[in-house]
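So the sequence lines, in the order shown, correspond to chains V and H. Last residue of the first sequence: 231 (the working numbering), numbering continuous. Last residue of the second sequence: 257 (the working numbering), numbering continuous.
Please keep in mind that the hints were generated in silico from the structure rather than gathered at the bench. Warning: the hint list may mix true and false statements.
[Unchecked claim] Sample of chain H residues facing chain V (criterion: CB under 7 Å; computed from the structure): (1) Met52; (2) Arg90; (3) Met95; (4) Gln99; (5) Phe103; (6) Pro104; (7) Met106; (8) Arg110; (9) Thr117; (10) Pro169.
Note that beta-carbon positions come from the ideal geometry of N, C-alpha and C, so glycine has one too.
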Amino acid sequence: MLFGFHWDTGHGELVFAWSILPMLLRGLVVTIEASIVGFFIALVIGLIFAVLKDVPLKIISYPAYVITEFFRDTPLLVQLFFLYYVLPDYGIILPAFLTGALALGIQYSAYTAEVYRAGIEAVPKGQHEAAKALDLTASLTFTHIVLPQAVPRVVPAMGNYLVSISKDVPVLSVVTVLEMLNVAKIIGDQTFDYLVPLSMVGGLYLILTIVASAAVRWVDAKLPKTGVPMR
Amino acid sequence: MSEPIIVFEDVVKSFGSHVVLDKLNFTVAPGEKVTIIGPSGSGKSTVLRILMTLEKINQGVITVGGEPLWHERKNGALVPASEAHLRTMRKIFGMVFQQFNLFPHMTVLRNITEAPTAVLGLSKKEARERAEELLEMVGLADQAQKFPRQLSGGQQQRVGIARALAMRPKIMLFDEPTSALDPELVGEVLNVIAKLASEHDLTMLLVTHEMRFAREVSDRVCFFDRGKIKEEGKPQELFTNPKEERTREFLRAVLEG
Chain V
1 MLFGFHWDTG
11 HGELVFAWSI
21 LPMLLRGLVV
31 TIEASIVGFF
41 IALVIGLIFA
51 VLKDVPLKII
61 SYPAYVITEF
71 FRDTPLLVQL
81 FFLYYVLPDY
91 GIILPAFLTG
101 ALALGIQYSA
111 YTAEVYRAGI
121 EAVPKGQHEA
131 AKALDLTASL
141 TFTHIVLPQA
151 VPRVVPAMGN
161 YLVSISKDVP
171 VLSVVTVLEM
181 LNVAKIIGDQ
191 TFDYLVPLSM
201 VGGLYLILTI
211 VASAAVRWVD
221 AKLPKTGVPM
231 R
Chain H
1 MSEPIIVFED
11 VVKSFGSHVV
21 LDKLNFTVAP
31 GEKVTIIGPS
41 GSGKSTVLRI
51 LMTLEKINQG
61 VITVGGEPLW
71 HERKNGALVP
81 ASEAHLRTMR
91 KIFGMVFQQF
101 NLFPHMTVLR
111 NITEAPTAVL
121 GLSKKEARER
131 AEELLEMVGL
141 ADQAQKFPRQ
151 LSGGQQQRVG
161 IARALAMRPK
171 IMLFDEPTSA
181 LDPELVGEVL
191 NVIAKLASEH
201 DLTMLLVTHE
211 MRFAREVSDR
221 VCFFDRGKIK
231 EEGKPQELFT
241 NPKEERTREF
251 LRAVLEG
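Construct all of the structure, not just a fragment, from the sequences and the given hints.
Structure below.
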């Protein structure tokens, strides 16, 4: 029994599969939640790093460069263990789910920062000059002129990272998050049948990534190439 | 003649080893309409870009309305300008670009109201009224809700002019405003600039290859060559009776080409 559902092992594989589907779907919801929360954190922290890396002062840009390099070049599992086992020593105790989402967000912020930077640098120089000629402040130029034009340029790459993050969520099982793979493993441990639950995880992942990719393409097609419209 | 509004004193600008402005001395009177002509690479656009603070100068002093542009006075000495000083000085200028540089994600209206609301602190309503007035003037009153990509090049450039004017600059800089346009669209932009020149006491600096326009609108034409003013004068004089051989050569090439 898991989440109040019972598995049925006595009536063949299909019945067994059907009986564990609700449990795996519960796990899938957690997987999707962790992906979305982690992705959102990556989008926010990545943007901050993208901005810091472009600050003309070396004392700011250099540390930002080193930190993102560190995030990118150390394994997700190491970062996850660090957050989960070390932070509590300093009084920061987060729920497992949040710790996992944070680890995903931090690791992927190193990648999203580069995507933002590419998108920002692709905005033509003339846009900056026009903003300057109109005496717009640097922050307003960034938020109203550069960023809205960078967004359509970064959507496809960001979408790929969303799919990537969802595929990294199973790592969170090591800190007890009940995402889909963890659920399947528990079912296997209890029923001694790993083939069916693990195959179903593979199938559900396939559906998830196909749907997510389609959603990204839809957003990409809907968004005007010139930028997020401002009226 | 009244006190000049713009003074260049021995201004040097170079990109690496390439000298673009070579100890340039140049003054403009308030309300004067000056056309700058010359071969490409002669430094004529650089003059406008320096005034708009898009390019720094290497040597010399520029004074605008009695205030140094790229410098500040500190304890009687001139020191390089701070960003705060540059921001104040920028308010004096409006610029129209060769490539229009409209904000492609903003409607025509928003292109024009963005800076007045954000920088000058106008209310949305005030900015909107100002924008509608200007769109009326450039003949695009019915295009306010469109996006730049939905307009022709000539229409886009007229929006560019309206956008610059919305900041109420004292000096307008036109950097080859018609060079990127199809020939049949040049006229509508030139008409707007001509109207502006005749109705306002704006000081105008215009870099162009449109000689007809230079002749009809400007008080003075300056011929730039290799970072200096080779020859200048009233358009009638300069076009009909150029003194310098370089000027004659250039005019011949442009008028025949």
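Check the structure against each numbered hint from earlier and tell me which ones fail, lowest number first. Hint check: 9, 10 fail, others pass.
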